[in-house]
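Novice: In case you want the letters, here they are:
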Amino acid sequence: MARFIGRRLLLALVTLWLLATIVFVIANVLPNDIGRTILGPFAPQESVDALNEKLGTNRPILVQYVDSMIGIVTLDYGDSYVTGRPVLPQLFEAIGRSAKLAGLALLITIPLAIVAGLFAARRRDKPADRAIVLLGVTSSSIPEFVTGTILVVVIGVHFGLLPVLATPPADSDILTQIRYLLMPATAMAIVYFGYIARMTRAGTIDVLQSDYARTATMKGLTTSQMMRHHVLRNALIPTVAVIAVQIGYLFGGIIAVEKIFNYNGMGQTMLFAAQQKDIPMLTAGAIVIGIVYMLATLASDMTIAWMNPRIRLDAER
Amino acid sequence: MDYSKLDKVRQTTTPLQLDVVESFARGRLSRREFIQRGAIVGLSMGAIGAVIAACGGSTASAAPGTAAPGSAAPGKTGGTIRVAAQKPSGPLDPILMQDLGSYGTTALSFEFLCTSDATEPLVTLAPGLATKWTPDATGAVWTFDLRQGVKWQDGTDFTSADVVATMERLVESGNSGLKGILEPGGAVAADANTVTFNLARANGNFPYLVSTFNAQTLITPVDYPTTTTLDGKPNGTGAWKLVNYNAQTGATFERNDAWWGGATPLDAVELIYFDATGPMVTAYQGGQVDYIIQFDVLSGASLLNDPNFTSVALKAALHRQIWMRTDTGQFTDKRVRQALALTFNRPELIQQLFQGKADIGNDHVIAPVYPYFDSSIPQREQDIEMAKQLLADANATGLTATLHCGQILEIPDLATLLKSQASQAGITLNVEVESLNTFYGAQWCPAEPKDPPCSGAAELGIVDYGHRATPDVYLNSALSTKGVWNSSQYSSDAFDEAFKEFQTAVGVDAQKAACNKIETVLLDDTAISVPYFYNFLTGYSNKFTGAYSSGLGQIFLGSASQV
Chain A
1 MARFIGRRLL LALVTLWLLA TIVFVIANVL PNDIGRTILG PFAPQESVDA LNEKLGTNRP
61 ILVQYVDSMI GIVTLDYGDS YVTGRPVLPQ LFEAIGRSAK LAGLALLITI PLAIVAGLFA
121 ARRRDKPADR AIVLLGVTSS SIPEFVTGTI LVVVIGVHFG LLPVLATPPA DSDILTQIRY
181 LLMPATAMAI VYFGYIARMT RAGTIDVLQS DYARTATMKG LTTSQMMRHH VLRNALIPTV
241 AVIAVQIGYL FGGIIAVEKI FNYNGMGQTM LFAAQQKDIP MLTAGAIVIG IVYMLATLAS
301 DMTIAWMNPR IRLDAER
Chain B
1 MDYSKLDKVR QTTTPLQLDV VESFARGRLS RREFIQRGAI VGLSMGAIGA VIAACGGSTA
61 SAAPGTAAPG SAAPGKTGGT IRVAAQKPSG PLDPILMQDL GSYGTTALSF EFLCTSDATE
121 PLVTLAPGLA TKWTPDATGA VWTFDLRQGV KWQDGTDFTS ADVVATMERL VESGNSGLKG
181 ILEPGGAVAA DANTVTFNLA RANGNFPYLV STFNAQTLIT PVDYPTTTTL DGKPNGTGAW
241 KLVNYNAQTG ATFERNDAWW GGATPLDAVE LIYFDATGPM VTAYQGGQVD YIIQFDVLSG
301 ASLLNDPNFT SVALKAALHR QIWMRTDTGQ FTDKRVRQAL ALTFNRPELI QQLFQGKADI
361 GNDHVIAPVY PYFDSSIPQR EQDIEMAKQL LADANATGLT ATLHCGQILE IPDLATLLKS
421 QASQAGITLN VEVESLNTFY GAQWCPAEPK DPPCSGAAEL GIVDYGHRAT PDVYLNSALS
481 TKGVWNSSQY SSDAFDEAFK EFQTAVGVDA QKAACNKIET VLLDDTAISV PYFYNFLTGY
541 SNKFTGAYSS GLGQIFLGSA SQV
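If you're matching them up, the sequences are chains A and B in order.
FYI, this note's numbering numbers position 194 of the first sequence as 194, with every residue one higher than the one before it.
FYI, this note's numbering numbers position 113 of the second sequence as 113, with every residue one higher than the one before it.
So here's chain A without its partners, still in its complex pose (with noise of 0.2 Å):
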């Protein structure tokens, strides 16, 4: 299993490298100065030249490159072009606020979605799967941004049920905040409910026909018995892939979601930063959701692994 976590966080390494990479590039790429950006097209030239000066946007490339590339290594990112500030205690604020509302969209969907999956399977055919897929079919067609501003306005404004803003007031308790965060949430479980509950019942299925799953029934096991020894971890491996990329999109930011609910996740600052052409703040965004990936993959490659031992021994051999 080391050998195994170890190839991963390598190719992890890799990835990273490239990722950062890529988005020096594409930063890099479009002529744009960056003295002149932050400090507007009235300021003169040389107020423009001695920002970039200290900013060291007036370097070579290359130069800014290997900086660039150290800066991560150390995990000195450098300031925010927009406010002036260290970018990385910023971005843990932000992914912070999006670990919260992707925490809370996850615990709604994964129980539900993974209940729905495994009734519908044990009910193949029957009228209870045609409803829980239609259901899943339909719930996973409509995006966030339609669902999120049904749910602000019936919700929110008609019944003010709940608030229609996601930020709840500074040092709430777990319970206002859950409160504030209860909508989006709800807008981003809807869709991965669908995605969720289908995977899962489609696994569930696949086993159910399996040899070794007859052979358990005629071996005499109960259901429930059946279900528990052999069924579940071997129909959930799929959903656990679906679930760990969720992660990740979720953790990444939903801009839709954040949008309607006025709520300063990862994915309002990054798009903040790349309207702003913040390139600190976005280089470091990405280096950060794709740590998010990475490890969000790597969870569930060890959760695969511990469940299915041949997957485990492929990968070691």
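No wet-lab data here; the hints were simulated from the structure.
All clues given are correct.
Heads up, simulated SDA-like pairs for lysine to any residue below, C-alpha to C-alpha not over 25 Å straight-line: (1) B:Lys500 / B:Ser176; (2) A:Lys277 / B:Gly456; (3) A:Lys259 / B:Gln248; (4) B:Lys482 / B:Glu497; (5) A:Lys54 / B:Asp99.
This one's a predicted model, so the numbers in the text were calculated from it and none came from an experiment.
For chain A, the structure is supplied; the task is to place chain B on it using the hints.
Specialist: Below, chain B without anything else, positioned relative to chain A:
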């Protein structure tokens, strides 16, 4: 007319002030225009009231704000107002900030020499840190008397040295409003409470340049060098002290007990930052904000009919310019430009796009809100037959052109309506709606070629312009020869002369005369078409009173209270 009262004022005024008083007494200025112009040339509140009374008018609510900005608001004390504001897109550096979000946040703590008047906040000045300002006879030297007894939030005294230091920093940073008007060393401390501005050339609108309408001219302490930020070093003379700031989410301010205007009725102000108007509106509807600094008719239509929301529509110079290249392409013949402008049904545009909340435009940038607007110039109206005739005369029948615009507010809808109206005269407009970055960078004013500026612009497009208390920026940047935003590449000696005349004019008659020339030339040349000047929309929950905003992101809450 009570000549004895009038004479008393006449005896104490400078020649420029006298000119304004006489213009009002002889009926050449309306009461509203007199208050605006009187405030600019530094007539005291008492003098303005006395002149109005002497001329037979009521002095009720005549004079701009006196002791503190904002009218006294009878209401409860205590509480917090939650304000929906635009998110700052840069550091809160009072000297270098460039966006409405930063303007609004910094102006809660820092103050201007001249502030916006509560009754007409978009055009009329009121005393801020200066209690009085007086020009000399030429309009090239202005003396500002500073408010006494004002303290910075760190406990030190506010003096003329702070004003001089701020002005030096502004000049050094190339402040767009003061450029060419105030030079290094131009601001001089006559004593601890008086500053004299020796201008590079006469300017009749100088107080506007040290007011809310030149947002970077917030007065900061001597030891507040450029690049210092409000959140990095909280201070100010204003009503509110910054408690915490998060560039992404918002800011909180608490009452400054030492404010010169006295104790504010409210305890605190909470700014909540947004990227767009839509979420601001839903936040208000969901009961999470009390005040929206600015919204538009398209996304805020529901607010206009909300009985619990006080929506305020202020006449403004906010407008769109439809530029036509005068140097190259299909619009070099002014008859073609006039023909296109003649196809526009302006009242219909105003009704459809703004529910009537706009003034009609006449293809020049002197908005009706300005005191020197000349309404005697004939209004251009839709005339399809005339348009067809002009096109035929210019051999341009069946003209086809691409109309470029950015994806912002009502502009794409405006482009579609213009396309429909132009088609009545046989003009085919292909509308290209682009992202703002693409539009500004590639169509409106591309960086290359640099000389003349904007010479890489498209031949036809629509660009947005924000409110200005005076039209100098529009005239200088968009229309003067080699102006930095001159997308139409318009170059006219007659216009350039008229603009120069306007800038140096210090008397009412002289400014009106210059504007008459400007309006006439621009209407005839039609390098740009301006179909409307839309209202600035702001508003707040009926639970509050006494708050107002300037049109440039600043909000004045010194007298605001809960009802």
